[in-house]
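Number of protein chains: 4
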Amino acid sequence: MSSPPEAPTTSIATHAAEDVWVRGRSLCKDLIGRVSFTEMTYFHVTGRMPTPAQTAVVDACLVTLMEHGLTPSAIAARLVYSSAPDAMQGAVAAGILGVGSAFVGTVEGCAVLLVRIASAEAPFEGEARRVAQEHHAARRPIPGFGHPVHKPDDPRSARLMEVVERNGIAGRHIAALRALATSVDEVYGKHVTINATGAVAAALGDAGLPAQIMRGFAILSRCAGLVGHVHEEQRKPAMRALWAAAERAVPYEPEAGEE
Amino acid sequence: MSSPPEAPTTSIATHAAEDVWVRGRSLCKDLIGRVSFTEMTYFHVTGRMPTPAQTAVVDACLVTLMEHGLTPSAIAARLVYSSAPDAMQGAVAAGILGVGSAFVGTVEGCAVLLVRIASAEAPFEGEARRVAQEHHAARRPIPGFGHPVHKPDDPRSARLMEVVERNGIAGRHIAALRALATSVDEVYGKHVTINATGAVAAALGDAGLPAQIMRGFAILSRCAGLVGHVHEEQRKPAMRALWAAAERAVPYEPEAGEE
Amino acid sequence: MSSPPEAPTTSIATHAAEDVWVRGRSLCKDLIGRVSFTEMTYFHVTGRMPTPAQTAVVDACLVTLMEHGLTPSAIAARLVYSSAPDAMQGAVAAGILGVGSAFVGTVEGCAVLLVRIASAEAPFEGEARRVAQEHHAARRPIPGFGHPVHKPDDPRSARLMEVVERNGIAGRHIAALRALATSVDEVYGKHVTINATGAVAAALGDAGLPAQIMRGFAILSRCAGLVGHVHEEQRKPAMRALWAAAERAVPYEPEAGEE
Amino acid sequence: MSSPPEAPTTSIATHAAEDVWVRGRSLCKDLIGRVSFTEMTYFHVTGRMPTPAQTAVVDACLVTLMEHGLTPSAIAARLVYSSAPDAMQGAVAAGILGVGSAFVGTVEGCAVLLVRIASAEAPFEGEARRVAQEHHAARRPIPGFGHPVHKPDDPRSARLMEVVERNGIAGRHIAALRALATSVDEVYGKHVTINATGAVAAALGDAGLPAQIMRGFAILSRCAGLVGHVHEEQRKPAMRALWAAAERAVPYEPEAGEE
Numbered sequence: 010m011s012s013p014p015e016a017p018t019t020s021i022a023t024h025a026a027e028d029v030w031v032r033g034r035s036l037c038k039d040l041i042g043r044v045s046f047t048e049m050t051y052f053h054v055t056g057r058m059p060t061p062a063q064t065a066v067v068d069a070c071l072v073t074l075m076e077h078g079l080t081p082s083a084i085a086a087r088l089v090y091s092s093a094p095d096a097m098q099g100a101v102a103a104g105i106l107g108v109g110s111a112f113v114g115t116v117e118g119c120a121v122l123l124v125r126i127a128s129a130e131a132p133f134e135g136e137a138r139r140v141a142q143e144h145h146a147a148r149r150p151i152p153g154f155g156h157p158v159h160k161p162d163d164p165r166s167a168r169l170m171e172v173v174e175r176n177g178i179a180g181r182h183i184a185a186l187r188a189l190a191t192s193v194d195e196v197y198g199k200h201v202t203i204n205a206t207g208a209v210a211a212a213l214g215d216a217g218l219p220a221q222i223m224r225g226f227a228i229l230s231r232c233a234g235l236v237g238h239v240h241e242e243q244r245k246p247a248m249r250a251l252w253a254a255a256e257r258a259v260p261y262e263p264e265a266g267e268e
Numbered sequence: 010m011s012s013p014p015e016a017p018t019t020s021i022a023t024h025a026a027e028d029v030w031v032r033g034r035s036l037c038k039d040l041i042g043r044v045s046f047t048e049m050t051y052f053h054v055t056g057r058m059p060t061p062a063q064t065a066v067v068d069a070c071l072v073t074l075m076e077h078g079l080t081p082s083a084i085a086a087r088l089v090y091s092s093a094p095d096a097m098q099g100a101v102a103a104g105i106l107g108v109g110s111a112f113v114g115t116v117e118g119c120a121v122l123l124v125r126i127a128s129a130e131a132p133f134e135g136e137a138r139r140v141a142q143e144h145h146a147a148r149r150p151i152p153g154f155g156h157p158v159h160k161p162d163d164p165r166s167a168r169l170m171e172v173v174e175r176n177g178i179a180g181r182h183i184a185a186l187r188a189l190a191t192s193v194d195e196v197y198g199k200h201v202t203i204n205a206t207g208a209v210a211a212a213l214g215d216a217g218l219p220a221q222i223m224r225g226f227a228i229l230s231r232c233a234g235l236v237g238h239v240h241e242e243q244r245k246p247a248m249r250a251l252w253a254a255a256e257r258a259v260p261y262e263p264e265a266g267e268e
Numbered sequence: 010m011s012s013p014p015e016a017p018t019t020s021i022a023t024h025a026a027e028d029v030w031v032r033g034r035s036l037c038k039d040l041i042g043r044v045s046f047t048e049m050t051y052f053h054v055t056g057r058m059p060t061p062a063q064t065a066v067v068d069a070c071l072v073t074l075m076e077h078g079l080t081p082s083a084i085a086a087r088l089v090y091s092s093a094p095d096a097m098q099g100a101v102a103a104g105i106l107g108v109g110s111a112f113v114g115t116v117e118g119c120a121v122l123l124v125r126i127a128s129a130e131a132p133f134e135g136e137a138r139r140v141a142q143e144h145h146a147a148r149r150p151i152p153g154f155g156h157p158v159h160k161p162d163d164p165r166s167a168r169l170m171e172v173v174e175r176n177g178i179a180g181r182h183i184a185a186l187r188a189l190a191t192s193v194d195e196v197y198g199k200h201v202t203i204n205a206t207g208a209v210a211a212a213l214g215d216a217g218l219p220a221q222i223m224r225g226f227a228i229l230s231r232c233a234g235l236v237g238h239v240h241e242e243q244r245k246p247a248m249r250a251l252w253a254a255a256e257r258a259v260p261y262e263p264e265a266g267e268e
Numbered sequence: 010m011s012s013p014p015e016a017p018t019t020s021i022a023t024h025a026a027e028d029v030w031v032r033g034r035s036l037c038k039d040l041i042g043r044v045s046f047t048e049m050t051y052f053h054v055t056g057r058m059p060t061p062a063q064t065a066v067v068d069a070c071l072v073t074l075m076e077h078g079l080t081p082s083a084i085a086a087r088l089v090y091s092s093a094p095d096a097m098q099g100a101v102a103a104g105i106l107g108v109g110s111a112f113v114g115t116v117e118g119c120a121v122l123l124v125r126i127a128s129a130e131a132p133f134e135g136e137a138r139r140v141a142q143e144h145h146a147a148r149r150p151i152p153g154f155g156h157p158v159h160k161p162d163d164p165r166s167a168r169l170m171e172v173v174e175r176n177g178i179a180g181r182h183i184a185a186l187r188a189l190a191t192s193v194d195e196v197y198g199k200h201v202t203i204n205a206t207g208a209v210a211a212a213l214g215d216a217g218l219p220a221q222i223m224r225g226f227a228i229l230s231r232c233a234g235l236v237g238h239v240h241e242e243q244r245k246p247a248m249r250a251l252w253a254a255a256e257r258a259v260p261y262e263p264e265a266g267e268e
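From first to last, the protein sequence lines are chains A, B, C and D. Numbers in the working numbering are just positions in the first sequence, counted from 1, shifted up by 9. Numbers in the working numbering are just positions in the second sequence, counted from 1, shifted up by 9. Numbers in the working numbering are just positions in the third sequence, counted from 1, shifted up by 9. Numbers in the working numbering are just positions in the fourth sequence, counted from 1, shifted up by 9.
Calculated from the structure, these hints are not laboratory results. All C-beta atoms in this analysis are idealised placements derived from N, C-alpha and C, irrespective of residue type, glycine included. Please note that a few of the clues may not be correct.
[Unchecked claim] Just the calculated beta-carbon pair ranges, DEER-fashion:
| # | chain 1 | residue 1 | chain 2 | residue 2 | range |
| --- | --- | --- | --- | --- | --- |
| 1 | A | Gly177 | B | Glu174 | 28 to 38 Å |
| 2 | C | Ala62 | D | Arg139 | 28 to 38 Å |
| 3 | B | His200 | D | Gly135 | 42 to 52 Å |
| 4 | B | Pro219 | D | Arg244 | 37 to 47 Å |
Please build the complete structure, drawing on both the sequences and the hints.
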């Protein structure tokens, strides 16, 4: 029941002296101590309390994306933390700004393709093949596929899809992803792995989350990872070493053509 | 075992073709599908896997802080989202930048006081009284105490402390908070509630998290809340209404003295 | 002369005990006290020192975009400032995150169209007409055209184009913009104003700046505007009023359909 | 003339169909094409149009702070840009988040000391000595003094102070800085240079800007520098090299004590 834009309302939360209500439930009576952070997040975002299977799958996705070592996002957060240690929120925000289209943001790109395939009439093979062919013809990478390190297969993807199966909620999105993977290998003439963001897109889809907000779950997961990096920077500062390494790796050389 | 600053290392993560290791454990074999997001976050930040009781308390804290309606942080995120809808990470980052010293960041300020009180010899009454007197004399608010709406008591605090007790891990930090609350009422000559950030500071402390990184948990919790606001902004845009309301609330009036 | 990606270099700056060199020039001998901030920015970004006419036009563009009152971006900055007053950089960053595709970021979108038109064989009428028709057919707004308040014409655009003319550097981009404006009126069957971002795109193009980095100049201009809003927030805090107005404007109403 | 907090107003800007007014002046008639970006910024922030001498000094300060090569802030911006190239504002914002207390933010810290010294009765030697002694006793660095590379003297400081003198506006803040520098050398028993942020603090003070907003000018200057780095990243991407260098510089080593 969407409100007209002239008089928007929020269905998220309200508060009075004696309680806070989130999406119609009492924070103090129904939520604190009764639901996990993952359940609360799902409920808060969608307005629906997840089933235990949905929660298990969302947990697995959030665990999967949290950490991949000293990524650009983590480096940015650590550098900013050491430049402004009294404002930790700035460091985490800087890292989150790196969760963009080129990295974890690909969850969203893949999810859109899976929705397209899953909206076609089953079997999904025809639409999956069209998606693969379009990207191949345009020489564009397919979001959710390929990884520079995890070859021939991204181990996180198999594990995550196993979790979805085990929890009994594998549905149209996982099926669409499998159909797309088959088409990708055929069209590209070689094996290209489903990467972690591809598997997450399918898993979150079958867990009932809309593609439109999936990047938000990637951001949330990385947010936790960044807090870990900030804490390590507090205990074992790497900023000076990172700075010196950057200056060595990218030396100064005036451009003849521009001066 | 802290490394010297000249040659810092990271103990957070590494990766090879066949797996990712986070703090020495296999992401694919030991973590995905086996631990919840909250457990993973705790493990990632501290290097220790939490007990079920610690997990329950951290979950309760993260649920408590997630949402309080259209706060400055949520408004900022929604305005930025509508200005740059193709870069959701920017909206969440803008909201996180509002988790500063004046709002949820008070978790950290309170935690530092609790550590100070809990480090004194028990009973904690003496040190608690000194803390209250110092703040009263300096006319500074005590972080973790007082709330403009939740009067006479913040209902979230009682609920959260009950969760800590029920899980059997109430320890020095909760005791320090109770001692401080008693002293605050005496020194200020009126009842001042323990607010949600005060209760969270004590709960996270007894759950084994250092004060230094607690603001990071507040940021993580709000990150989830902000994702919810972004999703509502996607479905029921409030930006135009917020903008118009701001212009009405803060009208233009040239300053005589400055022109 | 682009370096191979494996061994990138920077031509921006280097430093030694006795000086800093920016793009080959001595900061202390050649730049401080000799060039204005606008000249330095142009030189820093492009490697070319601007002519006085180019400087005058860039100045006019930066002046044009700086301020438009309590915009979403300014509101976000003020809310974040009051939430974290000890970290002013967070407030400015939050505001900058609102300089996205939907607002001032349209400078870039318009610039891309002008480059396309200006790259066609003169006269530009044919390509301009195709651009207008494509957008009209796709029911997409043309970046740089139209304004909800400044009707029938955005006064900033005429003024800015006059400055470019007066400085004698009106060239292909201004010509392309005029051709596009004519086509827009014809194709849409009504007058649609060139707005400030459209005029800025043409002016910066004729001042020698590439389309690719124009959003950066919009960001820089708004950065100055945001510093002004932060300073007003320091002296006349509006945060509480903005927050209260937001809560009134977007009231809580639980959604029947989702619970 | 400060408004009561219940009914705040803004004196910054308003707009109607035919013009925008900034602090009471017509944007189109009085500002665009008539004032430089630096003059507009000064006017926007303070409500006073600067004299030519004030403008020259503010320009020199903004030129001084803009660029220092691959600093943590610039590295963060470039990494974020490559992770989210469609949202340039995120890259600039990430870099700005590094303009914190530990780096350029020291402008503010120094300015506060200069105001304190300049508010004492002249000659300023007594208060300057007290400031130096307090910091020495507390083993705290004095903001605005010392530099790891620019030894024995930061060449930017001398140059900048020369610009202030030449423009005839050297006043209480420059005098306070000189008095402080003398005291620092005496109290620390060795020569410690006035660094660029110290000289900027004095120069901006004598140019009529309040200490409270000086960090904003440092942010603005760095914003321009960051736009330059983003543009170089567009043309000569350094992200992969920076990432690889970071992983080499900070290798993975699980911590025995924590597992």
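Here is what the structure says about each hint:
1. Gly177(A) to Glu174(B): 28 to 38 Å: Between Gly177(A) and Glu174(B), where Cβ atoms are some 36 Å apart, the hint holds.
2. Ala62(C) to Arg139(D): 28 to 38 Å: Violated, since Ala62(C) and Arg139(D) (Cβ atoms, about 52 Å apart) do not stay within the stated range.
3. His200(B) to Gly135(D): 42 to 52 Å: Cβ of His200(B) to Cβ of Gly135(D): about 48 Å, so the range 42 to 52 Å holds.
4. Pro219(B) to Arg244(D): 37 to 47 Å: holds (44 Å)
The structure fails to meet hint 2 from the earlier list, while all remaining hints are met.
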